[in-house]
Amino acid sequence: MDLNFSVEDVAFREEVRTFLASSLPDYLCAKMIKRLHLTKDETVHWQRILNARGWATPSWPVDCGGQSWSPSQRYIFQEEMALAHAPETQPFNVNMIGPILAKFGTDEQKAKFLRSTANLDIWWCQGFSEPGAGSDLASLKTSAVRDGNHYLINGQKIWTTQAQNADWMFALVRTDSSGRKQEGISFLLIDMTTHGITVRPIETIDGGHDANEVFFDDVRVPTANLIGEEGKGWTYAKHLLGNERSGIARIGLSKERLKQLRSLEHELSASGQLDERETVGLKRKLAEVEVQLRALELTQLRVVSADAHGANAGAAASILKIKGTELQQRMTELVLELAGPEGLALAVDDHTDGSGGWQNPAAQFYFTMRKVSIFGGSNEIQKNIIAKTMLGL
Amino acid sequence: MDFELSEEQRLLKDSVDRLIAKEYRFERRLDFLRRSEGWSRQTWQGFAEMGLLALPFAEEHGGFGSGGVETMLVMEAFGRGLVVEPYLSTVILAGGTIRHSGASGRMAETVERIIAGEHLMALAHNEKGGPRHSLEPQTRAKRSGACWTLTGSKIAVLHGATADELVVSATTDTGSALFLVPAEAEGISVSPQKGYDGVPLAEVTLEGVSVQTEFVLCEPGMGEKVLAHVIAEANAALCAEAVGIMGDVFDTTCEYLLTRTQFGVPIGSFQALQHQAADMLIELELSRSMAILAALSIDSEPPVRERNVSAAKAQIGRSGRLIGQRAIQLHGAIGITEEYKVGHSFKRLTAIDAMFGNADWHIDAIVEAGGLYTA
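Just so you know, the sequences run in chain order A and B. Last residue of the first sequence: 393 (full-length UniProt numbering), numbering continuous. Last residue of the second sequence: 375 (full-length UniProt numbering), numbering continuous.
Hints were generated in silico from the structure; no laboratory data involved. Among the hints, a few may not be true.
[As the list claims (entries may be wrong)] Label-pair ranges, simulated between beta-carbon atoms:
no., chain 1, residue 1, chain 2, residue 2, range
1, B, His133, A, Gly281, 17 to 23 Å
2, A, Ala270, B, Glu23, 55 to 61 Å
3, A, Ile374, B, Val304, 37 to 43 Å
4, A, Ser6, B, Gly208, 54 to 60 Å
5, B, Ile336, A, Ser6, 45 to 51 Å
6, B, Phe263, A, His195, 50 to 56 Å
7, A, Gly310, B, Asp251, 21 to 27 Å
8, B, Glu7, A, Thr389, 26 to 32 Å
9, A, Asn154, B, Ser269, 33 to 39 Å
10, B, Phe263, A, Glu183, 50 to 56 Å
11, B, Ile336, A, Ile202, 48 to 54 Å
12, A, Glu203, B, Glu7, 42 to 48 Å
13, B, Glu23, A, Gly179, 25 to 31 Å
14, B, Leu5, A, His150, 53 to 59 Å
[As the list claims (entries may be wrong)] Listed next, the stretches of chain B that the computed footprint assigns to chain A, with coverage defined by at least 3 CB atoms under 8 Å from CB atoms of chain A:
no., stretch
15, 74-81
16, 202-213
17, 267-276
18, 280-287
19, 355-367
[What the hints assert, rightly or not] A few chain A residues facing chain B, derived, Cβ under 7 Å:
no., residue
20, Ser72
21, Leu137
22, Val145
A virtual CB, placed ideally from N, CA and C, is assigned to each residue, including glycine.
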């Protein structure tokens, strides 16, 4: 047993650090520190810088543009990205459709999409959830009826993140309603400019516009856009669950936020904005958070180590997701608490301007982060998965 | 970065796990508890034969010179069995004071006898009335010529009544020191007690106990440093023991959820109970991570060691409480019966949190150290 990273890993960390120090544009770093939303162009800009270095899609297979990194290198990369305040890569492109295309796509699909997906020349959104299909995703109803060499799509998706910016959607659609609900689902790639698609914004409590409803009214999609076999979409989607476990707890992100909390604590107590009583209470809360973060970090590293040895880590992905999101949420609570009455006013500038203080985005960030325990399989669904793993019921 | 055990560590783990599973079934433990000493000397000899008592001692004293990971493996197995033999008191605590006092060849014979299972020791350090976690005891040691005189009283001395020799902490004019005191020394009185967790305790009163200078284990002024190190090791060991207990409690609870039926189905099919059990597994895994951190930190420099051990003890105090309470709740009334193991595990977890600083105390220790993550 050894908590120290190997010489190779330390050298790798240095390489990543050096790259980020020289390549991450200052304006992006500044916005990230202030927790401001990035525009589409900004996300694209950064991902192309990463992609030029070959690091936008490290978890993809090497022949599809990935890196042959070890689990610990993947962990280090994510941690360093977060600590440097680098924006994350576009998750739907990088973590979802990319790996699906690489594993299940046809040669034509790979040739058509992989490079542009990595370079963010095309922006993907995910069409999974529906009004009647959230946690019970397999009950989705959006129908795809075969019509010659096309599918005719009718139905509705909801909570579609960044659909307003998306060029393409990968969607789960129902091609058969006769058997088990999981069996009639197909995985389809849909051009968002196709006639019959309507995107409607959903305003969320953080004042942002990330989520959308997407309506399909006789939308014609070529059968060539089907991933794999018709009716096997559920299997392909499940492939994404627990697929990439080296970064699931988002340790780097939480470490970076902890640093912010620590510096706010120093600043506010030194300037007398927090009295002694408040400072004592805050320091205890921070120590509690630190203990939880350390425990989670080591648990994540145990999973990374087990993966490197090819061991089965059981319900690890669910454990990491639950504790990781709880901790991320806890930190946004603490920042908002620290903002006190100064955090009450909405930021006057919109999300794209970094001129305000840290207090105003605190509330938005707190409200925004409520979603992390809901999406990607709610924490209650994760507990169901854990229970199933341990009880088999 | 690697969490795999070495081949030797794996062998050690397998053999201790087997020993506990075979020799330390719950019914036997209940039998041990009913005996006058409250534990089994035969089992202790078994530990000696297996070399467990030799693990942390230096090779030149006949030990194996093992580190925190080996102790962790042993303590985790002991936790599963709820072992009540004096391993913590003799090998970790009193043995630790010998190891870290830089005791010369004179102690070699004592160590040999500990390793052979022939010599039992206890650390008499806790007191009441003063600051609870002070490393400067109220017990006083005064020197006159070649003799020290100890006066004071100690509480919660683990396995104090069966110890052949005590290590007594006392404050001198020039700082804390540690003294070796035979159990039958004149002026010492030992009154046995039973801990609620089954572990025997004692109150020890020292009224002008005379100690020759050659029995000063740790010179005045060095006591605090040695005690701090030993207590850190004890906390790391207790964290590992707690993880063993939590693992056992978790397994037992899962089994119960699958076998107990109500409303015509196993109660484990109810989501309200499933989610509580899932929480238990989460806490168990986080605790295991922190017990590993503590085990790997005990030989680090004091600031790192103290911070990491505090973090582990805080995590395990909180998790132990959650797992213990949930386990009893999920078992229902059977969980609070004396004949069922889960209640005993719960009691031991409760005691572990209370020893050498509970979760809150260690959180404050981290605050005092300026935080766990430092630049």
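Determine which of the earlier numbered hints do not hold for this structure and return their numbers in increasing order. Failing hints, ascending: 10, 12, 13, 15, 16, 21, 22.
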